[in-house]
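If you want the building blocks of each chain, they are given just below.
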Amino acid sequence: MRSRRRRILVSLLLVEVLVVATAVFIIWAMRAPPNTQAFLLRVMVVSLLIFLAILFLRYFTLLWFAYLGHTERSVMGEKRARMLSPISIIVPAFNEAEVLRDALRSLSRLDYPELEVIVVDDGSTDDTLLVAAEWEGRQGTVEFKALTKSNGGKAAALNAGIRASKHPFVFCMDADSMLESETLRKAMQQFDDPTVGAVAGNVKVENRGHLITKLQALEYIEGLNLPRRAQGFIAAVNIVPGPVGLFRREALEEVGGYDTDTFAEDADLTLKLVGSGWKVVYEDRAIAWTEAPEDWIDLVQQRYRWTRGILQSLKKRKGLFLYPLPDFPLWLSILEMGFEAVVWPILNVYAHLFFALSALLFGAGELLLYWWILLTLLDLVAAFVTVSMEQESLSLVPYAFAYRFFFILFLDVVKTFAALEELFNLGMGWEKVRRVATS
Amino acid sequence: MNVVDLLITIVVVTILVTIVLAVITYVAYKLRLSRHPGDDLLTNGDLRFFVPYRPTAPEEGSVTHAAQA
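Here the protein sequences line up with chains Y and H, keeping their order. Residues 167 to 605 (this note's numbering) are what the first sequence spells out, left to right. Residues -16 to 52 (this note's numbering) are what the second sequence spells out, left to right.
Rather than coming from a laboratory, the hints here were simulated on the basis of the structure. Heads up, a few of these hints could be off.
Claimed, not checked - Simulated DEER-style distance windows between Cβ atoms: (1) H/Leu(-10) / Y/Arg197: 56 to 66 Å; (2) Y/Pro334 / H/Leu(-10): 55 to 65 Å; (3) Y/Arg267 / H/Leu(-10): 17 to 27 Å; (4) Y/Val209 / H/Ala11: 30 to 40 Å; (5) Y/Leu488 / H/Arg18: 35 to 45 Å; (6) H/Leu4 / Y/Glu280: 27 to 37 Å; (7) H/Val(-4) / Y/Phe222: 54 to 64 Å; (8) Y/Ala219 / H/Leu(-10): 21 to 31 Å; (9) Y/Leu390 / H/Leu4: 45 to 55 Å; (10) H/Ile(-7) / Y/Lys332: 51 to 61 Å.
Ideal Cβ positions, reconstructed from N, Cα and C, are used throughout, including at glycine.
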């Protein structure tokens, strides 16, 4: 408890240091001689140009690759899975009694010849195990099973489910996600290529009743699925998302399943697969609907953990950063993951803060305004293209204004703090916790 | 104040306010953690599993079939 308080105090101290440093910079810049101010202005213009170059390169690379991936199917024609091998579905669940029924109901409606569903109760204190047990037995083509174990975390629960499963393909999902009936058939098509080890599906936000969830719905499409679609074109997806991932058992066994030493077990497993030479591809029609946080603090909490988890996965492979060979796909995945999860958000915060201060201090407001309008237009175009690709409602596109206006910057500030905390190796409060005290 | 100046003011104020709000929300999250250490594990769907686990015994031993439980 004391160490937790100390960590939190250090985090707050970090915030204070950054705020004070910004204030000192403002005061210094305002009192600086004209020559220094002119120099700062030049620095600002050069920074702006560099930032714009990176930004354009990022957007157009992602959009171009995503477009190529999207059109590839229409040019090559619709693929049909040569075989529909039996699949084991693993559903880890901790205190999920309220949502588990819906998830299992969606699984019972899947259009697939032979399925085994294993619900792994991770030491829940509610009725999760009872709900899972209610569903035990065969329903049509689906055989439901329930396992229970002492609480040990999601990765350990998934590993337990994988070990207890029997089919040659394993589908991992979250207990609060729901699949579309065609999801498994579409994902399975990708395994006609024997070098494919995993298929990342398409996660969509189900609850869209509030501004915060509408923005997340757009973010999932534009900010998360766009890079994944682009990565899929070169068969180098670097995160198979937790709610929807189909794996070849052989690949999972080769890499030893999920590691339990990071907070982003899905990213970590994907990097292990890529590092073992397996292709990881994306299937946009393999859809899972998930519930997004409806509260700003919960959202902060989620993104904080995601960022730190990804950084932990990257830190495990820090020795590879400087060596593109012999494993170029892994190196590329690591670099891309680091850029999207950490470098780009920090750069975005820095740029916004720097340009806003420059506008205030040096009167470079017009430059800032045109830069901001350009960014917003780019986001609008990206939103329009990606929403169209996903055949989603175009009513989401106008939210790109709010997305640029504050949402992305808000999230990037949180990611920046999470990255700083991971950089300074501040604990997340779990080193001494062996199990969740649920009883 | 012309339209351009007005837009500049809106953009600058929005950027600064967003950053300040993000910092405040982050601090609120940290304070919530300090007051209710278990909340992050129990209230948010994404977080309930984020507890590293280093088993002392083989995992298979802890898994039991629900029907037998």
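Now the hints, each set against the structure:
Distance hint check: the CB atoms of H/Leu(-10) and Y/Arg197 are about 29 Å apart, inconsistent with the given range 56 to 66 Å. The hint said 55 to 65 Å for the Cβ distance between Y/Pro334 and H/Leu(-10), and at roughly 59 Å that hint holds. Checked against the given bound of 17 to 27 Å, the beta carbons of Y/Arg267 and H/Leu(-10), roughly 50 Å apart, lie outside it. Range check, Y/Val209 to H/Ala11: about 34 Å between beta-carbon atoms, so the 30 to 40 Å window is met.
In this structure, Y/Leu488 and H/Arg18 meet the distance hint of 35 to 45 Å, their C-beta atoms being roughly 43 Å apart. Hint check: H/Leu4 to Y/Glu280, Cβ distance near 51 Å, so the stated range 27 to 37 Å is violated. At about 27 Å, the beta-carbon gap between H/Val(-4) and Y/Phe222 misses the expected band of 54 to 64 Å. The given range of 21 to 31 Å is respected by Y/Ala219 and H/Leu(-10), whose C-beta atoms sit roughly 24 Å from each other.
Distance hint for Y/Leu390 and H/Leu4: a CB-CB separation of about 23 Å, inconsistent with the stated range 45 to 55 Å. One distance hint, 51 to 61 Å for the beta-carbon pair H/Ile(-7) and Y/Lys332, holds here, with the actual separation near 60 Å.
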